[in-house]
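Visitor: Listed here are the chains, written in short residue letters.
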Amino acid sequence: MAEMTKAKLKQIKKRNEQLDQEALRQIEATATDVYKKVNKRIKPEVSLPVRSLSNVSYSKKRGYLEIGKQRKVRTLTVNTVKTFAQTLRMMSLSKELIETKDFATKRDAYYQSKNWGDAMFTEQTESDAVMDDIEALFSIKDLNREQLRFVPDEHGGAVAGELVVYDPDIDTGGVERIDCTRFGSGAYSIPSSVEHLSFETKAEFVLVIETGGMFQRLQSHKFWRTSNCILVSMGGVPTRATRRFVRRLSDEMKIPVYAFVDCDPYGISNIYRTLKVGSGNAAHINQFFCVPQAQFLGVTPQDIVDYDLPTHPLKEVDIKRAKDAIKNDPFFQEHKTWTKAMNQLLKMGVRAEQQALAKWGLNYVLEEYLPNKLAKAKDFLP
Amino acid sequence: MTRKGHEEQDQISMFGGGGPAAAGEAPTNGADTGGPMIQAAPGPSVSAVGDSTRKKAKASKKSMSKSESESEAKAANKAASKAKSGSKATSKASSDTRTKSKSEPPERKRRTATEMATKHREISVSEFFAKNRHLLGFDNPSKALLTTVKEGVDNSLDACEEAGILPEVRVEIHPEGEDRYRVVIEDNGPGIVRKQVPKIFGSLLYGSKFHTLKQSRGQQGIGISAAGMYGLMTTGQPIRILSKTGKRKPAHIFELSMDTKRNQPQVFRDDEVEWDKDTGTRVEITLDGTYKKGRHSVDGYLKQVAIANPHARIIFLPPDQAARNEEEAAEPQMEFSTDGSAELEDGAILHERVANHLPPEPKEIQPHPHGVELGHLMKMMQETKSNQLSSFLQSDFSRVSARVAATIISAADLKLRTRPSKLSTAEAERLHKAMSQAKIMAPPTNCISPIGEDLLLKAIEEEVEADFHATVTRPPAVYRGNPFQVEVGLAYGGNMPGDELVTLYRFANRVPLQYQQGACAITKSVLSVPWKNYQMSQSKGALPTGPMILVVHLASVWVPFTSESKEAVAHYPEIIKEIRLGLMDAGRKLGTHIRRVRREADEHKKRSYIQQYIPHIGIALQEILSLSDTEKDNTVDTLTDVLEKSRKM
Chain A
14 MAEMTKAKLK QIKKRNEQLD QEALRQIEAT ATDVYKKVNK RIKPEVSLPV RSLSNVSYSK
74 KRGYLEIGKQ RKVRTLTVNT VKTFAQTLRM MSLSKELIET KDFATKRDAY YQSKNWGDAM
134 FTEQTESDAV MDDIEALFSI KDLNREQLRF VPDEHGGAVA GELVVYDPDI DTGGVERIDC
194 TRFGSGAYSI PSSVEHLSFE TKAEFVLVIE TGGMFQRLQS HKFWRTSNCI LVSMGGVPTR
254 ATRRFVRRLS DEMKIPVYAF VDCDPYGISN IYRTLKVGSG NAAHINQFFC VPQAQFLGVT
314 PQDIVDYDLP THPLKEVDIK RAKDAIKNDP FFQEHKTWTK AMNQLLKMGV RAEQQALAKW
374 GLNYVLEEYL PNKLAKAKDF LP
Chain B
735 MTRKGHEEQD QISMFGGGGP AAAGEAPTNG ADTGGPMIQA APGPSVSAVG DSTRKKAKAS
795 KKSMSKSESE SEAKAANKAA SKAKSGSKAT SKASSDTRTK SKSEPPERKR RTATEMATKH
855 REISVSEFFA KNRHLLGFDN PSKALLTTVK EGVDNSLDAC EEAGILPEVR VEIHPEGEDR
915 YRVVIEDNGP GIVRKQVPKI FGSLLYGSKF HTLKQSRGQQ GIGISAAGMY GLMTTGQPIR
975 ILSKTGKRKP AHIFELSMDT KRNQPQVFRD DEVEWDKDTG TRVEITLDGT YKKGRHSVDG
1035 YLKQVAIANP HARIIFLPPD QAARNEEEAA EPQMEFSTDG SAELEDGAIL HERVANHLPP
1095 EPKEIQPHPH GVELGHLMKM MQETKSNQLS SFLQSDFSRV SARVAATIIS AADLKLRTRP
1155 SKLSTAEAER LHKAMSQAKI MAPPTNCISP IGEDLLLKAI EEEVEADFHA TVTRPPAVYR
1215 GNPFQVEVGL AYGGNMPGDE LVTLYRFANR VPLQYQQGAC AITKSVLSVP WKNYQMSQSK
1275 GALPTGPMIL VVHLASVWVP FTSESKEAVA HYPEIIKEIR LGLMDAGRKL GTHIRRVRRE
1335 ADEHKKRSYI QQYIPHIGIA LQEILSLSDT EKDNTVDTLT DVLEKSRKM
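Line by line, the protein sequences give chains A and B.
Residue numbering for the first sequence is 14 to 395, as defined by the numbering used here.
Residue numbering for the second sequence is 735 to 1383, as defined by the numbering used here.
I should point out that these hints are in silico values taken from the structure, not numbers from a laboratory.
There's no promise every hint is true.
Computed list of lysine-lysine pairs in BS3-like fashion (alpha-carbon distance at most 25 Å, straight line) [said to hold, decoys possible]: (1) A:K53 / B:K1366; (2) B:K1340 / A:K85; (3) B:K1366 / A:K127; (4) A:K49 / B:K1379; (5) B:K1340 / A:K50; (6) B:K1379 / A:K56.
Just chain B, with the same shape it has in the complex (with noise of 0.2 Å):
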């Protein structure tokens, strides 16, 4: 199946990464975060509008090829096994022996396991997901129209930087009547091929970063698809896509919906248009949102994605601006003001790039020992191509070379060559203990793409307006076997209000953490830090008060989230101390700004206290000893020169 997915990737994953990868887990804390997320649905509510567009997806007639399907189930199984018995929260038909009238009064009439197995059906994910949409992130109105953006803005970025192009990023919000609104996101990616259009856009759990282990963003929510459904179930209105994947290929536009019931798009239009643009995509998604300003809005957002991608042009059209020049067909011509986001002709928001290249792509790498769940060691053991289980423990992880192994293996007290799927359930254990607690090379780091010291600095001049910027990149770390890089920014001074907390941006492979932010790691980082040292003032248990944002930005191949939302980085000791050491050493740097411009400020008045006060004395020696006024100015002058040759020293 991993084989297979693998090529699946190379086709689809030109767009629509994000959404799958997300909902998918990475192999090795899958335990952790997947199943928790289904766990915690307990969804007793259908809405009407989903019940019609399960209607719908009869109509549907859309086929899959088999290893599609199957890989689809595989990645859909678990969650929805675990659904099954979470959610409905009844015996299986399976587990016959389990009665449940126990513990009920004895007058309640019994059911035989045959009539009970009547009710039970399979649970599609998408269904699944449409009862449970605020695990996705769309609590909310105004949560609802961030995550759309969110997703469309990842995907966008993610497919741009795949195929190396420089990412220029549109985002539209149309207001369509009340708390309505059509949200745009338009990029010059490299388009989708037609036939994978209404997959990927139409079904979920279906994408390109499902198993690999490499610094990605995919790991918001479940992707543009449950946007799209979002906005279906809200307002009834499809997900439109424009695509266009080369020069002289024709564009092509969709519209489609899902069936929610059978994970399956429908698909209501499919033409051939005319698109001025060489390659790219956009999506429009109509739905029930709120939008506002400050905290978690969507022009913070921006703002944010436009800090952890210096190399994204990314250009926003807020709702009171589109509802301006709606008719308007609005060709862009810059305008640029020396504040970070400049403003387009058409009253768009542009966040230049100041990054002329690409980052350097993240590569993927083997899981290193140190890091596996044994679950997923398990699995991997029943999937691998090697037949030996030396040869699965070199192949199948990094940093494992034949002596290794071997070590590993004896420690773990098991045979070279037993085949890896014939281990029994104690055997894995061992192993899997043996191989937490061998000494193994540190995994390779190079597998980490950081926006770079240089980068974030420019990226944050260009958004903060402040007196100060500073960054830091600390050197690759790792906690339990997955590489991590820390990098730390820091605006001070400026307009900010200086009796307020600081403004703490957060970022996880280049992604704004929105929420959760007293749960996070960072934060507590951040509380960690003596501020004080640094000239900053803090109250006990509290983010520093002053005039400054700070930037932390978390980038791993496997970044460990606190919950199925992930919006808080789990709280390793690694990655805390690192983050922490990040903060201090451009705390330092702030400290010698703080102390600098003070010093110059105390310069500044005593100089100034010179030049007030001599005077004074020059006119009392005159009064008293009835000097000329040459003789005063002079005085004046000689002593208001000692004093500043004093200063020097």
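Looking at chain A on its own, in the form it has when it is part of the complex (with noise of 0.2 Å):
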């Protein structure tokens, strides 16, 4: 691949100048509100949108999990002086950490406060729901907890294949190119936040992985080379990191993404379904954390089916969960073949692992199974 161009660097600087501008307005719109409303003799309020579940639907346009339009507003007064106090004292932190390019995680957060006198946490979990709130309070102002540098402590899966990543070195303030081909048997690792990393690629499609195993496999045999695409590994649920890593690669490169999971309720109803609509607990970030136009590429349960696959009985918790997906679950209400898919599952009683199909030769996978899947891209679940 061609060394990065004068252009692109210019480019991503900008991009990333204004993203933190961005943070930084709105930091200061917020403190500006306060301080407004103060010397009018006004008691200054910030609003939050309100957490719960009653808050949160599924959007058909935009595919996800979506925070309502109630919120709760908190007002000064004597009795939230102190959240306030250190609420505008954590903004200030992150108006600090943007300015020096800088970051700080949760524990990070908390250990600074003891630099606030009075203010100062006395317990993580404190410092942490002041976060939150923050993270809530920004949510609305479309701007997530990474931008303002409060970074996660958790890093994202592994990534290999025809994609390189731009990252700024926020010591020297130069940007590295990487090349995700040149890992050998490895791979590039996702870091905490990739709010401020680029992106260049020719795939023709990402593919999400459940498992390191057969990510590995994938990798070891060049599968990206073969079938022009991006490999990630998501390694169980996926983190924070990694939905935003495939989110903003899909966004911005346009292209699709493949998700390559077990045939059971846990890898169907848990980890994808997470990974394209995002959660119910937390709806008010999905905008940021999931990836809607994931589809399903496997293992279906009509590949179970169709390949042969050697199965295991579902289990009790199995059961319940598919059960509790079809009947409560916005996603698959919204999506009949999904829950026509999961009718079928329920009905064979099984489930059934990627590595299954192991069992037609170790690179039946990428030699078989997955061109096969590719070449009829339509017939993916959503």
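Each of the two chains sits in its own frame; use the hints to bring them together as a complex.
Guide: If you want it as structure tokens, here you go:
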């Protein structure tokens, strides 16, 4: 691949600069609102989305579980003065982090507060709660926590394939160019925060894979080279960073995302559904952290029949989870094909893992199964 | 006898009323209390000291006037007769038909009634009590010491009040070797006329409040003479009495013991001495006892006495201090401190009086028809001066008019003009029933002399250091024809422990009740109050928990005690209800106080919250918006102002 051009570098820097400016602008706007209200002798207030399931619905248009319009207004009173002060100081910390291009984890922020005198947190649960409030507060302004430079402790999954990632170096101010084809049998590891990454790719799709074992097989045999794709390992339920990475990659490069997970209620209704439409409990961040354009490549219940895969019987929890999904989950209710597939699985009473394909030979999956499936991408489950 | 007795009282009531009055029964409830007191006395042991006392008594040449010994014998009569059948547990000589052989094994030798009769002899009351000292509150060494102090202090207070003198009572406890103490109780009362001294202190059941129905202290034990007897039995030391009845009159010093067999005093010394007091009495009793601190201590008892008697000045010289300045003739010099109990120069503890006037003298009243027992009614009918039933009811009872008397008598199917003493038992029963059922005006309540809300409050403030004090005096009420009045006080907060049960001080006619708290109607009333409503925590069936002392005073012409030891009030619903109402009244005041304190603390906390955290809002805004220091400070000031104003709304 070609080296980074000056134009590319400038473009990346500009994008990141705008990203940070937007975050700063929002912080300042919030502070200004408080400042103005105080000087008009009005009690300042902030408005947060109501984070209960009653305020969550599935948006057909956007394709994910969306937070509703209900807001709770928190007014600065004698009772809330402590939290209010801490929230503002936390926002000030965020501003400082953005300006220095640094970041803080929740634990870091907790220890930073120890310099705040009376306003310090005595337990991390307190600072976590304030940070959650800030996240909710800014989610209304289309700003996520990572943009405020508060990053999660967990990093993301592994990436390999036809992708170049541009990662700014906070110490040198330069930008690192990472070619994801050049990791041998290893892989690029998605960092905690992916907001400041930029991409370049000619791949045709992104294949997200549930297990590390399957990812390793596809990577070792350079499956991405033969099918011109990007491989992403989720390692179970994908982390914030993985979801955000896939989302941004797909959005910005305009390429489809195909999911390849185990055929069991956990793989379908937890891993795939969370990747695609997000979770109900943290619906206010789904706008950033789900991949509504993802499609389900397999393993489908029909695959078990078609490929005569070895199976295991469904466990009690599997059956319960499947029934619960059919009955209560707006995602499944929205997609009749999924309801049908789940019922088929329940009827068969069995589950099959990705690696069950190894019955037909270790490389059957990359030589036969995946090419066969990819040839009929229109048949993927939604 | 009654009239005679009254005349006697006038002479002797100046002092020493308490003892005999306590032993005897007031008319209404005599059968309830006096009886069991005697019956409960098995008393098998005769101590060696007791025997020697009896021998000494032979030497006594003291004689009594006929009327005195008669009244005395009568008073003792009931007790003695019961003692005969009860403690001897043999058949009476007169009841010849009874045979014991039925239940005995056949080989046992039979005795004739004549043989058995030789074993019967008169038991003197004092001899009986000598064997049964636990009945008088001398069952253990620490209680013995406390009871001695108690009897002395009660006597002193009663004497001063009757004489119209503001009481100043000094209690000293001098250590006299291991577990032996010399108790001194000195007052500024009227003193005792010389010839009465031996009788008052040397014989039991001699006194003034025998048959009167009025509010009085004499409810505890049997009096100072019992304490003296106890001292004599345990140490062999006689009672020493110093008394002076007037400024120009000489003081007399007595040393006496008693002949328990004949209930007669023995005088060892009777001298005139110099005493710098105008009037007063000083009693010294040496006894075996234990001095302890804490619950049931002399210290605590005197503190409670001070609470219930705001007009009294109580001075206490504890044994350790007494030992320190044993030889010093201490001239009390006040040294006031802010605490309730100041310390005098000689190290004695002072409970200063908070009232400079005596409480109004309680009036004596006639019994109310609703409260009289059948046995007592029959006795009254024998003794009355009235010749006709109608006039008997009108003159010997309160609230009985001619019309009411006629109603009662016709309801009992009797005749107005019948001679009361001629009534048969069946007729008396009918009369008694009619009396208890007749609609009669409640008894007069002006015979009750409560401490009073204000004085009780002052006294509690003086004695108990706390953040909050409250008192309540209920209006007088009546149970079974007996007027009574309830007073409640409380002291809350201060340095009292917050995680312990509250301390309950119980009083009956200004006398602190020390034992049997669990059996007392006062305790039951306290438990029945919903203390949680008044911001106190309370476990089920327990006293409330918190930093509080509760004071409950029951004043009545006749306080109903559960038993002979007279330490617990009987569970009359009317009494429990009144106490409960009083407690709830005081509880409401307490609840208001606690809520206010909490609100203030909360307010303070919130205020300091503002002070604490608003500057941080200023700092954050300054950092985010790059404000100048002036802008920051103005914002902080404005915000503080806005929030504090909104608090006041």
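Visitor: When you check the alpha-carbon spacing of B:K1379 and A:K56, does it fall within 25 Å?
Guide: holds (11 Å)
Visitor: Mind checking the alpha carbons of B:K1340 and A:K50 for me, to see if they're no more than 25 Å apart?
Guide: It holds: about 22 Å lies between the C-alpha atoms, which stays within 25 Å.
Visitor: Sort out whether A:K85 lies within 25 Å of B:K1340, counting only the CA atoms.
Guide: holds (23 Å)
Visitor: Take the C-alpha atoms of B:K1366 and A:K127, compute the straight-line distance between them, and say whether it is at most 25 Å.
Guide: holds (22 Å)
Visitor: Within a Cα-Cα threshold of 25 Å, do A:K49 and B:K1379 meet the stated pairing?
Guide: holds (19 Å)
Visitor: Need the status of pair A:K53, B:K1366: alpha-carbon distance at most 25 Å?
Guide: Between A:K53 and B:K1366 the Cα gap is close to 14 Å, so the pair holds against 25 Å.
When held up to the earlier numbered hints, the structure conflicts with none and fits them all.
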